[in-house]
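> Chains as they are written, first to last, in full-length UniProt numbering: chain A, 1 to 233; chain B, 1 to 290.
Certain hints may be false.
[Said to hold, decoys possible] Using 30 Å as the maximum straight-line C-alpha spacing, the simulated DSSO-like pairs for lysine-lysine come out as follows:
1. K5/A / K25/A
2. K227/A / K5/A
3. K142/B / K107/A
4. K227/A / K176/B
Just so you know, the hints here were simulated from the structure itself, not pulled from any lab data.
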Amino acid sequence: MLEIKGLRAGYGGVEVLRGIDLSIKSGEIVAVLGSNGVGKTTLNKVLSGVLPASAGEIVFEGRSLTRASAVDAVEAGLIHVPEGRKIFPNMSVRENLELGSYRRASKNRASNLERVFNIFPRLRERTDQAAGTLSGGEQQMLAIGRGMMAEPRLLILDEPSLGLSPLLVEEMFTLIQSLNAEGLPIMLVEQNVVQSLETASRAYIVENGAVTLSGPAETIRNDPELKRAYLGL
Amino acid sequence: MYSLDITLEAVLNGLLTGAVYALIALGLTLVYGVLHIINFAHGALLTTAMFAVWVAYTFLGIDNYVLIPFLAVIFYALGYALQRFVIGPASHGDDGNILLVTLGISIVLENALLAIFRSDTRSLTSDFSFEVLEVGPLLISKPRLIGFAAALVVTLLLWLVLARTDTGKAIRAVAKEKLGASLVGIDVRHIYAVTFGIGCATLAVAACLLMPTFYVNPRVGGAFVLVAFTVVVLGGMGSIPGALAGGLFIGVVESLSGLYLGESLGQIGIFLIFILVLLFRPTGLFGARA
């Protein structure tokens, strides 16, 4: 459902993505892994239309999104839950969720709100609280909940486990699996290699702006090069 | 000392003027809160609106109160276009550039008005300007009372729009979290322009309310904006309740210091307050602490 070919992008004259090839099929969890600064977040920004691509192409459900704006990407159902959550701190939990359906699925706002509250009962308890006063884990739930409000066709999660306690990290990966079990394809962009490989069906390893290794999560987990580079084995 | 009646009347007059100050400050504080820029063209846009009221009244015979909705819509469109097609593209995302662009717009507007209308001072000639309401010993100017009520209604309306509508929520979202807003599909450039348009529309309303009791010349906006800046700082940059409370307070301060220090020194009180706020509470009464 998502095909990326030879994607290049960067900031000013500095090229960060040097020809990324990647694909996601419907119903999959695909992990995109790599250490800090290899271009994972840049890739997400290009996919969600915040940063323009300088070369290559992005096709999403048969439609080209290569030159798409952020508005086009959301309209197409490609929803990006960013690193650092980027929730609206001055607004209530409910208002944050309502804005999730600003551009898409606004007709089903009430029923989707109920659905998000069922997935995250903690958010229901904090409906009228300012989002900036939530704990880190609750803010991450809110960010994902806000993404769910747009009825995503594909959900991109950028570092959902970052800054969470080990227990919450565990909970987060369980949640990702349960969202996927309902048929939602997820692109999981993470530094947490071990747990991501347990959750995902396939994975891409990104280094220096290009994919260096890809395949079924099982195979990648046993790759001697990866073990050496990321797991210190 | 003055008698209680006179002091009371000064306080009342201050409140009436203060509501219009609040309205002018509202546009300034909203644009600051969302776009994070000081709009230096605010004064010149107010002057332009006041001339528009004068022209409509004098040459077309349109009552200044009837004009309110029409002028508000025209100025909304003007503000939207200014931000979308002039300020936004010219700034290339750099706040320093935006400052210069708005300053440039104000110079162009002021001089255009000077070229068209000369530097003469003009006012509406209507009997209504002098009508008063007698309440016990107090004399209340009718046009100022209407101005007060209308300014409060506009403030309330704006607050409702920001709190309840999707566009209002999008404005508040963009104010604090631009990237997050883009990722839920909010068109940030559109919201910037809408915000600037609303700021200009409040100026148009303020101009319609001011004209019956005030005069206009090509430089008159500057005086109001100086006061509006004080109101914005006093109330807290970006805060709407702050603008209202600050406007009313500044109106009363100006009126009382005018009474006790003489009309020509009336504004001293305002700037004393300004300095005190900057010294002791730089975030303002309603401003978020840094």
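> With reference to the structure, classify each hint as holding or not holding.
Okay, the hints, checked on the actual structure:
1. At most 30 Å may separate the alpha-carbon atoms for a hinted pair to count; K5/A and K25/A meet this at roughly 15 Å.
2. With a C-alpha separation of about 27 Å, the suggested pairing of K227/A with K5/A holds against the 30 Å cut-off.
3. Using a Cα cut-off of 30 Å, the hinted pair K142/B and K107/A is violated, with the two alpha carbons roughly 47 Å apart.
4. Pair hint K227/A plus K176/B does not hold up; C-alpha atoms about 42 Å apart against a cutoff of 30 Å.
Of the hints listed earlier, those the structure fails to meet are numbers 3 and 4, in rising order.
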